[in-house]
Structures are given as C-alpha cells and as structure tokens.
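There are 2 protein chains.
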Amino acid sequence: MAAKMGSLREKLLSMRGGSEINFDDIESLEDRINCRCSYRCLVDGIVSSWQQLQDMVTKAVEMGRSDHRKIIFSVKMGLALMLISFLIYLKESLKEFSRYSVWAIITVVVVFEFSIGATLSKGFNRAVGTLSAGGLGLGMAHLSQLAGEWEEAFIIISIFSTGFFVTYIKLYPTMKPYEYGFRVFLLTYVIVMVSGNRTREFIQTAVTRFLFIALGASVGFGINLLIYPIWAGEDLHNLVVKNFMGVATSLEGCVNGYLNCIEYERIPSKILTYEAYDDPCYNGYRAAVQSTSQEDALLGFAIWEPPHGPYRGFRYPWKNYVKVSGSLRHCAFMVMALHGCILSEIQAPPERRQVFFNELRRVGIEGAKVLRELGGKVKRMEKLSPVDILCEVQEAAEDLQNKIDRKSFILVNSESWEIGNRATKVHRDGQLEDLIDFDYDEKRVLEHKSRSEAVLDLRSLPSSGAWDSEKPSPTGAASPLQVEKQMFWSAGISALNGQIMESSKTYESASALSLATFVSLLIEFVARLQNLVDAFEELSIKANYKEPNIEQVEEQNGIFSRLHSKLTKQ
Amino acid sequence: MAAKMGSLREKLLSMRGGSEINFDDIESLEDRINCRCSYRCLVDGIVSSWQQLQDMVTKAVEMGRSDHRKIIFSVKMGLALMLISFLIYLKESLKEFSRYSVWAIITVVVVFEFSIGATLSKGFNRAVGTLSAGGLGLGMAHLSQLAGEWEEAFIIISIFSTGFFVTYIKLYPTMKPYEYGFRVFLLTYVIVMVSGNRTREFIQTAVTRFLFIALGASVGFGINLLIYPIWAGEDLHNLVVKNFMGVATSLEGCVNGYLNCIEYERIPSKILTYEAYDDPCYNGYRAAVQSTSQEDALLGFAIWEPPHGPYRGFRYPWKNYVKVSGSLRHCAFMVMALHGCILSEIQAPPERRQVFFNELRRVGIEGAKVLRELGGKVKRMEKLSPVDILCEVQEAAEDLQNKIDRKSFILVNSESWEIGNRATKVHRDGQLEDLIDFDYDEKRVLEHKSRSEAVLDLRSLPSSGAWDSEKPSPTGAASPLQVEKQMFWSAGISALNGQIMESSKTYESASALSLATFVSLLIEFVARLQNLVDAFEELSIKANYKEPNIEQVEEQNGIFSRLHSKLTKQ
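Protein chains in written order, with the working numbering: chain P, 12 to 581; chain H, 12 to 581.
Check before you lean on any hint, since a few could be wrong.
Treat identical chains as interchangeable: a pair holds within one or across any two.
Here are the simulated lysine to aspartate or glutamate pairs, EDC-like style, with alpha carbons at most 20 Å apart [stated by the list, open to error]: (1) 253 <-> 384; (2) 281 <-> 548; (3) 330 <-> 246; (4) 380 <-> 548; (5) 81 <-> 246; (6) 187 <-> 307; (7) 187 <-> 124; (8) 281 <-> 307.
Don't read these hints as lab results, they were simulated from the structure.
Just chain P, same shape as in the assembly (with noise of 0.2 Å):
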C-alpha cells in the first residue's frame, strides 16, 4: 500500500518516466564506427542501398501521384532548358556573342522558382540588382581612368568597399526578402569592374549580358507563366483551409480522447521534445502552429503575384489569409492546451468525466464543426451567412458551463476541506468516538445531494485505479538515474505514513482539478473562436468574397428559426 500510495505521489509531481529519450543512441553509434569495412559490410551496404533506392523510387512516384504539380513543373523546367539550348543552337552564327550565352542558361536556372510569385520576385531582384550594378559599374569605370596610374588600386578599393557596404545592407533583417538581388549586384559589379577594365568594353560587355539574361529571363517568365501556372496564392490559400480542417480533427480528437480517457502509455518523445509525430491528435494543431514561416515565404511570394483565377483585383488582401491563420493559431494553442491534459500525469477519473460526457461531447462537435464550416469557407470563398456561426457552439458551451456550474462538488475533493481534513486527523489519530460526528457530516451532506435530479457517491468509487494497472510501475521500468532522483524524494516526504495519506488525498484533488481544467480550456477555446470569425469577416469582406449559396442560407435559415422556436419554448 505504501509503495502505491509512493507511485501515486511520485505520479503527482513527478517526470514522465515515459519519456523515449535514452542512451541507446550512443551504443548504436559506437557500433557502426566499430563496424570495420570488411567484405561482408560492403555487400550489406550495397543491398542496403539498392533498398533505398528502390524506396526512393516508390516514394518519388507517389509524390507525382499526390501533387501533380511537380511532376508538371519538372517538365516546364525540362522545356525551359531545351528551349533556351535550342535558341542558343540557332543564333550559332553569331559567334563572338557565345561567351556571354552562358549568361541566358544561368538566368533560367535561377529564375525557375516552383511558383509564380517566387520566379517574379527573383526575377526583379535580379533585373534591378544587375542594372543598378551595370550602371554603377559603368560611372565607376569612367571615373577610374581619371585616376590615371592609380586606375587599378582605385577599382579594386571600390570593389572592396561596395562589397563591404553591400553585405552590410543585406545583413540587415528587413533587407532579407531582397538577399538575393545584393547578391547579384555585388556579382555583377565585380564582373563589369574586372572583365571591363581588361576589354575596355564596358558598354558592350553591359549590354550583352544583359541582352542574354533577358533571352533568359523571358524563356523562364514565358514557360512558366504560360504553362499550367503554379501560384503561391493558392497555395497559401490551401495552407490556410488545411490548417482549418487540422485544427478541427485535432480538436476533436482531443475531445473524444479525453472522454474515452485514451491515455499514451509511453508518451513519444517526439511530442515531449515536438517534433513532428505521426498522431493525429497531435499533427492538426502542430502543422497549424508551425506553418508561421510556411505562411510567411508564401505570403512574401503571393504579393508579387498578378491578379488570377478567383484571386481578382490587384493588392489582393493576401495579408488577411495570414492574419486569419494566425487567429486560428490562437484557438490551437488552446487545442494544444486540451492535448496537455491527455498528455498529463494527473489525470481526472474516468468517472467524473463521464458526468460531463454529452455537454463536453457537443462542445467538441460543434466547436470542430465551426471551424471546418469556416475552413469550407475559405475555401470556397464565401462569405457568412446570415446566421451567427458560433450560435450552437456557445450554446453548447453555456449548456457546458451551467452543469459545471450546478455539479462542481465534482471537481473538487469536498472530503478535504475543512470539513474533511478533520475528519482524516479523527481516523489517523484513531480515536473513533469522534467519527460519528463525521457520519453525521457526511449524512448531512449525502441529505442534501440527494434532492438534486443526479446524485453521484464518488467517495465509493474506485478511485483511479483504471489506469494505474495500465501504466508500468515508474520505479520498475525507470533508468538507475530516475531512481536515485525518486529516492532522494521518497526519503525526504514519504517519511511519515500519514504524509502518504495526505499526498494520495492530494493525487485525487489535483486529478479532479485536472477535469476542471479541461472544461476551462475548452470554454476558453470557444471565446477565441469569436476573433476568428471576426478576422474571417474582414477578409471576407476586403477579398470580396462571394454571399453565400441561397439553397445554404435557407438550409441555415431552418436551423434559425429551429433554434428560435426552441428557445422561446424555454
């Protein structure tokens, strides 16, 4: 009993045994340094290889299945290098320019980004980096054959303080989305100080170069543009929906989980340490919390991208799909907050969570349901209906909070109040005369529940032992170092047998809590959707997005008057 009473507090306050981090790694890595290169290691690795590469193949053909567009992009990129050979080929006569032809390719292999948007924006920053520099280039040769003798030291001091002064600039944050155009205007500069300075053709070295990269330019733009289009927008359009359906199956998933009381028995380290882990529960919030930098190259991309398909007017307000994303974040945090409850040591007995099982059930349903209808918003770019979203989901959370409201004696252990503790010093001094006293207490309180529609007797409930059985005991399964750890704390608070006592009455109020947490939570959450919906209004509103479906707002109409009718009922 000691000993459990021992888990039960060290479970109270306590690291995740579970956690899969360990020390295995090291002796794996030894192994493989020891692994000599004999003839065997070399036919294992071959086989191994071939593996991979069969695996590799299989995966690269799926990935064609699954987003075709790369399949396409990889063909444009094929048709832009054949093109741009095949022009170079023909213009075969004019011999002194084929130097400079190196110059076409270069620009269509840099310039070929996946997306619209990002070839745009390269393409500017390499059009406006290699001008400015050819010009500046072309004055500062001028002004060094005025330094006479000293012409060379004068071109290679500017070459060092433009380099100097040009990295400095790209250095600075907000000079990031132009990295690439410094780059090229130090290249370039370099290029015309140094090649024009030995041919004394500035002029015609600028200007060549600059004829070849528009060839280039213009067969990647060209391709690119014209042939099966690839936007940023719609991808940071799609991002956004998917986020939405993520939350919502994580939310859900939350939901159901707790109520069901799925517990991890080794929670992955990978969630401890979050990286990405194949969990649904887990991947819809984490894939929408970590899309920030995904959002931001994108929206960085979209902005440079003309009008197209449903995306009309200029300065389209791709900056509002970020600002909705990022309200959506909000509301995963708080899904992610849900998730820690699962992932906690502390959980709250199976049995008080059913007491909320239908009103924490509706909550999850609804509050899923929300954001996929939002979700399919955005997606099918429609405005609101008429009919407030969020109606059924306060609802079913106000329905939540009033039962939390009339049964909270659940969420807390009553027994150790005041009232209680006394009781507990009664039993452990073991002077029983004063107990009849108690049963009178706990008569009293057991009257009173009584009058109430649902009483529940938790006092006579198993407590917690549903999951303890499940979970491997922390001292048996835990490394030599956790148990030195364990030890210093068992010697120092288990001392006493009636500190036990108390800490497994602190188990059971902290695991009650646990479920009041939950509730707070997801309450919570529901708040916060509120602001998204708010954020979706004004980005429906400034990307005009069309109104809704008729056939939808009757639909939604019905539901209106339903709900009308039963709240006047009430």
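With chain P's structure known, arrange chain H on it following the hints.
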C-alpha cells in the same frame, strides 16, 4: 441591473470586442490612392524618404554596435572580392583564360555565407554538383557524337530529360538541403553540353572552369575560415540559452501579472493573431516557440562545422541542443496557456487569487530559477550538480497543491450546487417560507467552515466588479455587426429575468474555475520540467560538459543540507 447582467453574460461566452482588427485600413488606403501626385506630395515624399534614410542609417549603425560580427563579416566579404580581383589582374598574361575568370568571382560571391557551416555546406553542394554534372556532361557529349547527324537532337533531348529528373528529385522533401547542389548540377550540365558542343573543347571547358571555381572557393573559404570565423554552432548554442531566459521571463511575468491582476485593456490584435509584439510576457515564450525553423537551419549548418572552440570532438551532439530546445518548448506551451488565463475574458476575482498568493508566487519564482539555472548551465557548458535541481520547485508546487486541496471550495461556487440552486428557485418564486430552511442550510455550512483556521466568506465580497468598470461596455463600443449578433443572443436568452440571474452565477462559477485552471497549468508546467532536465542531462553527457564548479557545489550542498534538515524537522 438587467443591462449589467446582460454584459456579464456577453462576457461569459463572447467576442473580444477589444480586438484591434478594424476597417479603418480600407479608408486610409483609399485616401492614399486619392492623393494625386501634386507638387506638395512630391516634396512630402522627398522629405519622408530622407527621414527614412536617416532612420535606416541610425538603425544600421545600431545593428553593427549590437552585433559586431556583422561588420566583420562585411569586411571579410570586401576582402575576398578584393583578393579575387587582384588575382585576376595578376593573371592578366593568360588572356585566353580571361573568359573563365568570371567563374571565380561567381564562386566567391555565391559561396561566401555568414557562418562557416553554411559556407562549407554550400561549397560542398557546389563542388559535388559541378563535378558530377561535368562528368555526366562529358560522357553524354561523347555519346552524342555517336549519334551522327542526330547529335543536336540527342543533346537537346538529354537536356530535357536531365532537367526533368533533377528538378523532380529536387522537389522531394528530404532533398531540400541539397537544393543548391541540384541547381548547380543542372546549370553546369547544360553549360557543358551547349558550350562544349559548340567549341569541341569539352575537357578544356570543364577543367578550366573547375580550376577557376577552385580558385574562387579557396579564396572564399580561406578568408571566411581564417579571419574571425563565425560559427553556426555557436549561434545555435546561444539561441538555446536565449530561449531558456525568455521562457523564464515569460513565466515570471505571467505569474506576477496574474497575481497583480494585470489586465489588457484591449488585447493587442498582434497577440490575437500570434504576430511579434513587444510584451515581455508574450515575447519570451513566442520566441522560444517560433525558433524551430531557425534552429533547424542552424543545425543543418552546425553539423558541417569542424570541431572548434569549446565544441570539441567530431560528431558533436548538435541535435541534442535542438532536443533540449524542443523540451523547453514543451514547457513553454504551458507558459503560453498560463498567459492565456491572463488574456481570457473570464477572470478569477482578485480576492481569490490573493488566497494562494505566496504559493503561486513561489512556484513562479522557483520555476523561473530552474529555467535560468539550466540556461546558465547550457551557457557555461556545465553538468548538473548532484543535488536535484527540481527539488525546490517541486516542493513549491506541492505546497501549492496542498493549499489548493485544503481550500478548493474557493475554486468553485458551492452556492450554485444543488443546495444553493434550490434556494434560488425559491427566491425566484417569491415563496418566502422555504428561505428559513435555506438559512439553516447556509448556517450549517458556515459552521463547518468556521472550524478551519481561515474562513473566507466569499459571498460577501463584491463580485468581479473591480475589472468590470475598467472595460468599456461591449454594447457601447461594439460595431453594428457585433450589436446585431448580441441582439440575437439577448433576444433568445435574456428573455427571462431568472435566466439572467443564473447567467451571472454561471459567470462567477466560471471565473472561479479560471483560478483552478491557472493553478493546474502551473503544476503541469512543473511536471514538464523533469522532461527538460532529462533532455539536458542527455546533452551534458553526450557533449561531455565539464563538472560544475566546486564552490558552486558547496553552495548547493548548503542548500541541500538546509533542505534536508527542514524536511526531517517536519
């Protein structure tokens, strides 16, 4: 009264009217468009751009002062470019190679990255890409000669197919670090095929290009490696330390802010959409959560770096730094959830928070101390001392839990239980005869409570008025859209006076539960610290951190013995 209750209910489950998202942006945009380009506009434009330029210069100087590595790097870049142009001048006699000199310049500009790891990784990509493409190009060119009159067609088709396959493989997610290598491969292959075919000087083209690239690379590497090298690994190390300090500041800020009942009058919309915002409480954890992509990038470079400075040993465990940071992030999510309690509309009354003031503050302080100590240990590269670092914070958390256990009646509204509920019904019906009965009930409860050492009759305290007055009434400040939404709600739900009464009670109950949530999250934060300590220990062993200072151990032993004596006294 009804209005106030209405506002409470709106708060209970409602929008954050304080969101700064508004539609003024659209108007200001139109204003800007309407501003015709008159003379005054032009002058204004020049003045403002002059001011912007001045600002930029100030900021640029500031940047150099705060991180002098940026100045050094810029100087290095200038030096490298100067050196390479000087070398090209020296070789002026070899006129026939002048056309290839451009490759040396390109290589320097392209390969010269901020950190050594990035430089080496890019150099490796460039070398492998150039060499393999050169080899393949030579082979294919020889093959093409066999094709006779179809030679050009063969070359163009081979360019297409190479372009297709290389681009397709490049798009494969795990190939992302080698993206640059694939690009260089493609570039070199096409150049070799096209120019080689024209001049029939395959070998010369390839070898000369390679020699110039090697020249550029050796200048770039030489200067970047030999003069004040900037290490990505060091950046990663410092980033992890910074994250520790940030989360510690956030934790302290959240706990103190909560205890001092600091509230946002208007929650900044940047927090609601998870953008960067200058709030120490928010900034600390946001930086830690956001740093994933930066860490991944630095890790990708750090593994390329040779042993240097304090990071001795090949295969230095850089991955473990990222793992520690991931575990820290897992803790930071709890701090984020704690901050969510401050952001929430539904707040616990200040009086109730005061009850747990000392315990909450102690957990906050001890938690931040642990984070700072771990951060300091990472910074100093020191192992953990034999004393359990979590000892004090776990004790503090336990004290908090014990206090919660004794006083959990503060976390719920016992009034609202079935006992209280009945009384409300009675009150509403106006039948006074039963009130005596209720009074008797209440007396009994108070009688029980009076036996404890600290009785708090919370019902006599002003309920949640303190922060009501600060906030503008939502109906007063809300936009027409929001009023409309609220009206639907009010019409449906605030219809009955009794329901308003209930709603106010629901609010009180929710606000009390909010305190439970805060406490529960804080305890979960403490529980997650063990995982962080485990990750740190793994790092400290793998990275062979030094043993802690003897003086410090003695000092900590002092704490140990003090603690031990304290515990045995108990």
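Evaluation of the provided hints:
no., hint, result
1, 253 <-> 384, "within (12 Å within a copy, 40 Å between copies)"
2, 281 <-> 548, "between (37 Å within a copy, 17 Å between copies)"
3, 330 <-> 246, "within (14 Å within a copy, 31 Å between copies)"
4, 380 <-> 548, "within (17 Å within a copy, 44 Å between copies)"
5, 81 <-> 246, "within (13 Å within a copy, 35 Å between copies)"
6, 187 <-> 307, "both (12 Å within a copy, 18 Å between copies)"
7, 187 <-> 124, "both (18 Å within a copy, 14 Å between copies)"
8, 281 <-> 307, "between (25 Å within a copy, 15 Å between copies)"
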